[in-house]
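**Student:** Sequence:
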Amino acid sequence: MKKRGEKVVALEGSLWPSSKTRIRMKNSTLFCNFPGLVLLAFLGLLSLYFINYTLFYKGSEDRHLAYNSTYPLSPPLSVPEGGTSYTIGIITDLDTDSKNGSNSWRSFFKRGKLIQYSGGQRYKVSFDNELTEIRSKLSYGGRGMELSELVVFDGQLYSCDDRTGVVYRLLFGSKGITPVAWVILPDGNGDEAKGFKCEWMTVKDEHLIIGGLGKEWTTSDGVVLNHNPMYIKRISANGAVEHIDWYETYISVRKAAGIESPGYMIHEAIEWSPIHGRWFFLPRRASMEKYDDVIDEEKGTNFLLKMKPDHYADVQVLRVGGSEKIQFPSHGFSCFKFIPGTKNRHILALKSQEFKGSIASYIMVLDYNGNILLPEIKIGDFKFEGVEFI
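If you use this note's numbering, the sequence shown corresponds to residues 1051 to 1440, in order.
Check before you lean on any hint, since a few could be wrong.
As the list claims (entries may be wrong) - If you anchor each label on the Cβ, the simulated ranges turn out as follows:
{"#": "1", "residue 1": "Glu-1131", "residue 2": "Arg-1161", "range": "16 to 26 Å"}
{"#": "2", "residue 1": "Ser-1408", "residue 2": "Ser-1286", "range": "34 to 44 Å"}
{"#": "3", "residue 1": "Asn-1276", "residue 2": "Ala-1116", "range": "35 to 45 Å"}
{"#": "4", "residue 1": "Tyr-1117", "residue 2": "Ser-1270", "range": "35 to 45 Å"}
{"#": "5", "residue 1": "Lys-1244", "residue 2": "Tyr-1362", "range": "21 to 31 Å"}
{"#": "6", "residue 1": "Val-1344", "residue 2": "Ala-1116", "range": "49 to 59 Å"}
{"#": "7", "residue 1": "Asp-1431", "residue 2": "Ala-1116", "range": "37 to 47 Å"}
{"#": "8", "residue 1": "Lys-1406", "residue 2": "Ile-1325", "range": "32 to 42 Å"}
These aren't lab readings, by the way, just hints derived from the structure by calculation.
Here the structure is a predicted model, which means the values were calculated and not measured.
All C-beta atoms, glycine included, are put in the ideal place defined by N, C-alpha and C.
Required output: the full structure, derived from the provided sequences and hints.
**Tutor:** Structure, rendered in structure tokens:
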């Protein structure tokens, strides 16, 4: 029975009513357009979908807004004699010697220390005797684990295999170092079956930038085949890869050093400095002549070049050591990192030698104007191609 003051609501019509549905209340009757109700419900569901997409799917692309900028990975320590000690790591590219067994490839990692003494202009480098072996079963054409760089990105340590194009995250544990395949980089613009020959890695705007040799891909006697090594890869913390044509940048740097085609410049050591707002280049090799495999072994350079992004006509050219004379032509820069706490003014650099079958690596310290603070020191008969503060 109806109580006093109680509203009566009655829906008149079938389960699927006609275009108008009458809703009768005590003192009024409301007519509703049923298709309008359906449309309203649909729009509501659509809104919920887009909210869900924004929060969970689209938002996942931006979930690294809290980028882990820890650098270096371990805190520097004070030394009794006055100064600061940094932990560093170096890694090898063993080329064909990386194969170890029928289905395994390896690289070596070595830990060391860089001491910067009080006053900031004197340095000392030392390394542990132990080599840590890193193994993987991933390969391309029977080769793999030819690791050519080390970089801290988003709070973790990464390297890249210049044979397969695999970017590895290196996990340190009680049983050694585990290489975890993170991203596979295809060559050139990304539409190639071959892996990218990665040679240098740096961090810019919370993205990992990976580059190649920076010269045309040629035959052993200099015939140009393609420009794939003149692309770079821009990778987000989530692993999204963008392929960027860097041809103009590489050519501009080459021309600034006075080199025109068929001359060339080979890059394995490029870093971005957010403090200076410039790209820094320490080319491994350069020549005014057409590329030749044998002659190239003695084309090491002492160029230090700086360039603002996209300022192709404004490249600063310096010489390491202040002279055009190259002391060791078979030694070429393979990697460098800015030393923490120096405002990107001091550089720790690796050089490697491949000459008539002889392999060796060296380490040195210079400032951002090319002045040598610690001359080359031999660190082994392996080709160490990556160095990082860890």
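**Student:** Would you mind marking each hint as holding or not holding in the structure?
**Tutor:** Hints, one by one, checked against the model:
{"no.": "1", "hint": "Glu-1131 - Arg-1161: 16 to 26 Å", "result": "21 Å, holds"}
{"no.": "2", "hint": "Ser-1408 - Ser-1286: 34 to 44 Å", "result": "41 Å, holds"}
{"no.": "3", "hint": "Asn-1276 - Ala-1116: 35 to 45 Å", "result": "40 Å, holds"}
{"no.": "4", "hint": "Tyr-1117 - Ser-1270: 35 to 45 Å", "result": "43 Å, holds"}
{"no.": "5", "hint": "Lys-1244 - Tyr-1362: 21 to 31 Å", "result": "29 Å, holds"}
{"no.": "6", "hint": "Val-1344 - Ala-1116: 49 to 59 Å", "result": "51 Å, holds"}
{"no.": "7", "hint": "Asp-1431 - Ala-1116: 37 to 47 Å", "result": "43 Å, holds"}
{"no.": "8", "hint": "Lys-1406 - Ile-1325: 32 to 42 Å", "result": "41 Å, holds"}
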